[in-house]
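Novice: Listed here are the chains, written in short residue letters.
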Amino acid sequence: EADIYQTPRYLVIGTGKKITLECSQTMGHDKMYWYQQDPGMELHLIHYSYGVNSTEKGDLSSESTVSRIRTEHFPLTLESARPSHTSQYLCASSELGRNTIYFGEGSWLTVV
Amino acid sequence: GENVEQHPSTLSVQEGDSAVIKCTYSDSASNYFPWYKQELGKRPQLIIDIRSNVGEKKDQRIAVTLNKTAKHFSLHITETQPEDSAVYFCAASHSQGNLIFGKGTKLSVKP
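If you're matching them up, the sequences are chains A and B in order.
Reading the first sequence from the start, the letters are residues 1 to 112 in my numbering.
Reading the second sequence from the start, the letters are residues 1 to 111 in my numbering.
Mixed in with the good hints there might be a few duds.
[Claimed, not checked] Far from chain A by the CB rule (all over 12 angstroms, computed), these chain B residues:
id, residue
1, Glu15
2, Asn53
3, Asn67
4, Thr78
5, Gly102
[Claimed, not checked] The calculated EDC-like cross-link candidates involving lysine to aspartate or glutamate, where the alpha carbons are at most 16 angstroms apart (straight line), are:
id, chain 1, residue 1, chain 2, residue 2
6, B, Lys106, A, Asp38
7, B, Lys106, B, Asp84
8, B, Lys103, A, Glu72
9, B, Lys110, B, Asp84
10, B, Lys103, A, Glu42
11, B, Lys42, A, Glu105
12, B, Lys71, B, Glu56
13, B, Lys42, A, Asp38
14, A, Lys18, A, Asp59
Hints listed in this document are in silico derivations from the structure and should not be mistaken for laboratory results.
C-beta atoms are modelled at their ideal positions from N, C-alpha and C, and glycine is treated no differently.
Full structure from sequences and hints, please.
Specialist: Rendered as structure tokens:
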């Protein structure tokens, strides 16, 4: 089982609140990703990072932002949550140059 | 860029039957093709993968085949069991790119 951890696992917040979803991995992987997924639906890449101080936007436009100050840590922040942000957010990681990615257990966000 | 099409979107089989899910890709430079299984409420997990220098790979009841000329690859599950019920995602990438996922196939295995 891959060692990639996400917190919180479940969160209900009010519209306009700021939220940070945490993701940490202990595998020493350089590359990390954030995917957005509605239940059982497509996986949408919203952000990725090649390593420290690297952040890139994914295929799906997102109002969230990410940072990569440490190799093992890749938090995602929503400055002002809206009901349209309600979804599951999956963090993932891989070795640089190797395309097998490992997913965290996901953070289920509900914005009311 | 790469585009991955996956069919069917839903598949229902009787326990013990075989299930086949097919994917096509557009970028001839793609050389890595994994399959992920996502059970209800859980994370996607890698179940099998294949690289472009191999035509077929098996792991117990699951197998993946790759046709580079036609740019398609398939997942085969034999002797299906209720615990095989899940959403399956195919993906493709080349060595420097991100995985591009198909839209998923919901497999239901009826006892």
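Novice: What hint numbers does the structure not satisfy?
Specialist: Violated hints (numbers, rising): 5, 8 and 14; every other hint is consistent with the structure.
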